[in-house]
Amino acid sequence: MTKYSDLEFLKLRGGQKFLYRLGRFFTGIPKAIAGFFVTVFNAIKSGCKTVGNEIADIAATFIHGDWKTKLSFLVMGFGNLARGQILRGLLFLLFEAVFIGYMVLTGGYWLSMLPSLGKVGPTKVYDEILDVETTQYNDNSFKILLYGVLTVFFIIAFIYTWRQNVKQNKLAEKILASGKPLKSGKDDLRSLVDDQFHKTLLALPLTGILVFTVLPIVFMVLVAFTNYDGTHNGYSNNLFTWVGMENFNTMLNWEVKSGAGRQSYAATFGEILTWTLMWAFFATFTNYFLGMFVAMAINKKGIKLKKVWRTILVLTIAIPQFISLLYVSKMFAKNGILNGFLMSMGWIKTALPFWEDPTWARFTVILINIWIGIPYLMLIATGILMNIPADLYESARIDGANPWQQYTKITLPYMLFVTGPYLLTSFTGNMNNFNVIYLLTGGAPTNPAASGAAGSVGYTDLLITWLFKITTGPESQYYLASVVGILVFIVVALISLIVYNLLPSIKNEEDFQ
Amino acid sequence: MASVKLTDVKKVYDNHVTTVHDFNLEIKDKEFIVFVGPSGCGKSTTLRMIAGLEDITEGTIEIDGVVVNDLQPKDRDIAMVFQNYALYPHMTVYDNIAFSLRLQKMPEDEIYEKVTNAAEILGITEYLTRKPRALSGGQRQRVAIGRAMVRNSKVFLMDEPLSNLDAKLRNQMRAEIILLRQKLNTTFIYVTHDQTEAMTLGDRIVIMRDGIIEQVGTPMEVFEKPHNIFVAEFIGAPKMNMIKTNLVKEGGCYYVTPFGARIEVDGEKGEELIQKGVKPGPVTLGVRPEHMVLAPEGGQDAIPCKIEVNEMMGSELHLHLVTEDETRLIVRVPTIELSAQQREHLGFGTQLYITFKGKVMHFFDSESGKNLIYG
Amino acid sequence: MSEKQLLDRSSDAPMKRHMGLKASRTLANTSIYVLLVVISVIWLIPFICIVLQSFRVESTGQVGYVIPQQWGVDNYQRLFQTDFPRWYVNTFIAALFTAVFQTIIVLCMSYTLSRFRFKMRKPLMRFMLILSMFPGMLTMIILYRVLSDLGLTQANAVPGLILVYIASSGMGYYVSKGFFDTLPKSLDEAARVDGATRFQVLKKIILPLSKPIVIYTVLTAFMGPWGDFVFARYISFGTSSGMNAAVGLYNWLNRDQIEKSYTLFCAGGVLVAIPVTVLFMCLQKYYVEGVTGGAVKG
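Taken in order, these protein sequences are the chains called A, B and C.
Positions 1 to 513 (this note's numbering) are the ones given, in order, by the first sequence.
Positions 514 to 888 (this note's numbering) are the ones given, in order, by the second sequence.
Positions 889 to 1186 (this note's numbering) are the ones given, in order, by the third sequence.
Rather than coming from a laboratory, the hints here were simulated on the basis of the structure.
Predicted model only: the values in this text are computed from it and were never measured.
Among the hints, erroneous ones may be present.
[As the list claims (entries may be wrong)] The calculated DSSO-like cross-link candidates involving lysine-lysine, where the alpha carbons are at most 30 Å apart (straight line), are:
1. B:K738 / A:K174
2. A:K49 / C:K1010
3. B:K667 / C:K1091
4. C:K1091 / A:K304
5. B:K667 / A:K180
6. B:K696 / B:K523
[Unchecked claim] Quick list of the computed label-pair ranges, beta carbon to beta carbon:
7. C:S947 / A:Y393: 14 to 24 Å
8. A:Y393 / C:M1013: 35 to 45 Å
9. A:K17 / B:L851: 54 to 64 Å
10. C:M1013 / A:M278: 46 to 56 Å
11. B:M826 / C:R1009: 44 to 54 Å
We treat Cβ as the ideally placed atom computed from N, Cα and C, and that holds for glycine.
So that you can see chain A by itself, here it is in the shape it has in the complex:
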């Protein structure tokens, strides 16, 4: 494809520009992919280099260090203690003690069981005294996986801390050699509210994220490679174990297997993904443009009671979604108010199938989502519209632009530029918009071809509600849910990556400072 210079590009017409950009984007894909692999390769290379440098530095520290340093390799914090940094030394020592204690007591067991996820399942034991058979629970796959992961985290933390311990010794030797005093425990504590204040501030939030987000995500990603489900709960019935890529094979296979309903998992996944993307697209852009439209209507010069109109819309944000969504869903039901009203007016004879017909249902959720979403977008658009410099419009009017041209040439580009990142997050957010779908339809109406053992799949089900149904369904196929989750992640990540690269400019966060 011909490449234009920047100036030649300016000569193109609007449509040509767009086609050219699109073309450039697609012809750029192979290069981007190659670039991605180059980046990965370079990252690995530099990673290896870093590790090599670290090892070399550790060795050098050991060779050139004094006896205090050398002993610190074994007894963490010894160097600090010997040089008078009691607080640091004790913390290092304590950490090492806790680590060794943990590894000896339980960590070693979890780690050793991690490759098998448990060897002995529950066994029946005959109790002679009571003359009953009781179940004795042995290994627990769930705990093995969970604590195994935790132990791996702990080991990484230990290696890092040990490395810090070595570094500290090297640094302390250097400082002492230059004749300066080392930092005391008091200095350390003081620096936690000053130059190291960020560590204090981040400690709590990051611990929370690590334990309640990172750990569960790692765990669930690993579950995708096991057969963890209701019949293999790893404890009271059967253990679960590693199955490799089998679950991905099941999910992405076009063969009709038992348990998948009347069609293959891949077909079901494809259908739901298509609807999810369609839904996210319509949900995002209908809200975006209609919200902008309403904002412009309210903000128009000469419109009175601006505050009242705005407040009426904003009011709907305040009311918890579960109330409004559940209520509205019932309003649209076969025997709901809407059908009742329409029939009593004599406009229709039979109830409209808002939730019964697949197309009607899909259309209705998008419609109701507009009702939910416009107030937010109205607020956002109002804020941005007020920020557009008035002289842009004045200048456009002098240049002879009519209102429609002003909208397409000034308002819209400005909005799109400013809200580009918001649109992206809103799109991915809608892909995972559990609340609206689940509370409105619960996925209904049922799609008989797709419904199998993995829960009943409906025409309005998104991937995220499907995932929920799989886990809460009769067989609790956690491994399949996990596979779906990973696939959702991949889709979201791909979309984000593409859109970010297409955005006019990835804004530098410092621009706003």
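Given chain A, put chains B and C in place with the hints provided.
Same frame as chain A, now just chains B and C:
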């Protein structure tokens, strides 16, 4: 009241851009030093490193003989005035000025004394109960200075303090800073991009470009003996005319031959050239606009040119001239030296002749830009 | 031509055009008013319906009309014979604790990421961005098992819920970071030069200036758990005493309950909506600021 010493100071940002290269400078006690240079030359970065607001990548900074590299700003005993004043918007003027004293846990009586005293000096007593929002630019500037003043710190740092003011106010505040300096009698480090401020305020001026010190010297030194073309052009307004020409030596005398004219390098400059043993050959000749004078037609030292633009500045005329080979020159002519008739006459396209004396000439190496005598 | 005629001519033509402009503007404005009224009605109708139906006495199921034939507060009285008060208290406690702790965590996180430049800052932000691309639903399975091991599910769901709500709240730092980014950095620097530690800078300079974003964060942190459904349902797992209002009310709309409890749902919904709506209306200004700022900064 302290000396500040920077040794091999270097600043490299995360993106591997070096903004300050091997900066060496000793600032004496009670000296008023000005860092000046175009934007992005690293002057602010250097100041912020002294303040402790930027990490020092390499080298050391000493205040009063103590290395302060690892000290937090609060432990360096410095005061600073920021370009945008950085007044705390939620505090009254009084609280703004008292902020640092309260952090020191000074008794309120003493704080009151100091704050009102500073306010009086700066003429902002009546605004003490106001919030910064209700002040004008000049008043905010005073509050910012007052906030720095009450601290009696060792070093007083100012980062382009006047650049947000309009021209008139700027001149006024400049004079006030000179007065303030006499009252406080402490070490000042002042950053500006404006050479007029630098010349009028500084005991010594540090001229920087791309993170490198181009010259350090008193205002007189940098004006009369610029080390290179950059300094020569940066100091003085309008900037120095640069003429590519030849330096000729004949019979123990140096001559320059700009645009076919032939001007002797007489007086001190000539002697200095001889002393330095400067080789004849192509040079860049620098002459300040105020040192060029109109000459009668036909002299051997007269350079013919045409007027392109005539700017009437009131007390003087700035004539933008173009020579036969399209070199552009600027000449400052005091209005008083011209008769009304002459003034009428100096319009677009007027042919005239200019010349200059040997003692006002600056000689630079055309390649390196270095001053052939002082560089 | 007389002077008067001249004057007339000069003023007449623009007058006419002016009238035309004015007429078309009036037309445009009228149609906008009509539109806005229609929109307002559409947006308010469900809420008006729900309030009206909560006062319906003659039947408890779903009916095809809105205005009750017989008015009364029976439904509200009946609410107190159910577990509803318990759900309400559960919701309130969860929302209150979450509002406090989530605000603290979010402010810590966003302030740090806005103001400090440390080596791991960019990688950390990128890492959190990637984490946020995983559906949060996925983590529920394990969180449920872990919490149930800790005894924090079903009847004890409230503390468990609070833990889940606040634990990962650091991820939602964008909006308030955007706010902190707009506060000039030189304020921090001036204070540090004036002798303040980083902690004092936060306490004495930044926090007093952060009222809008603190209120926004508290408000959203309160509203989240107040209307949360998914996590609450998962963690209470069918145990009525551990449910929050959303889960409890949802169950009343089940196929086998709806005929008995539809008006009950309406009454409960009204009671749940009132406090949060009042709160929201009072603090609307801050909410609007936060939402707009957040979207612009992405």
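We went through each hint and held it up to the structure:
{"no.": "1", "hint": "B:K738 / A:K174", "in the structure": "violated (45 Å)"}
{"no.": "2", "hint": "A:K49 / C:K1010", "in the structure": "holds (21 Å)"}
{"no.": "3", "hint": "B:K667 / C:K1091", "in the structure": "holds (27 Å)"}
{"no.": "4", "hint": "C:K1091 / A:K304", "in the structure": "violated (42 Å)"}
{"no.": "5", "hint": "B:K667 / A:K180", "in the structure": "holds (23 Å)"}
{"no.": "6", "hint": "B:K696 / B:K523", "in the structure": "violated (34 Å)"}
{"no.": "7", "hint": "C:S947 / A:Y393: 14 to 24 Å", "in the structure": "violated (56 Å)"}
{"no.": "8", "hint": "A:Y393 / C:M1013: 35 to 45 Å", "in the structure": "holds (36 Å)"}
{"no.": "9", "hint": "A:K17 / B:L851: 54 to 64 Å", "in the structure": "holds (58 Å)"}
{"no.": "10", "hint": "C:M1013 / A:M278: 46 to 56 Å", "in the structure": "violated (31 Å)"}
{"no.": "11", "hint": "B:M826 / C:R1009: 44 to 54 Å", "in the structure": "holds (52 Å)"}
In this structure, the hints that do not hold are numbers 1, 4, 6, 7, 10, in rising order.
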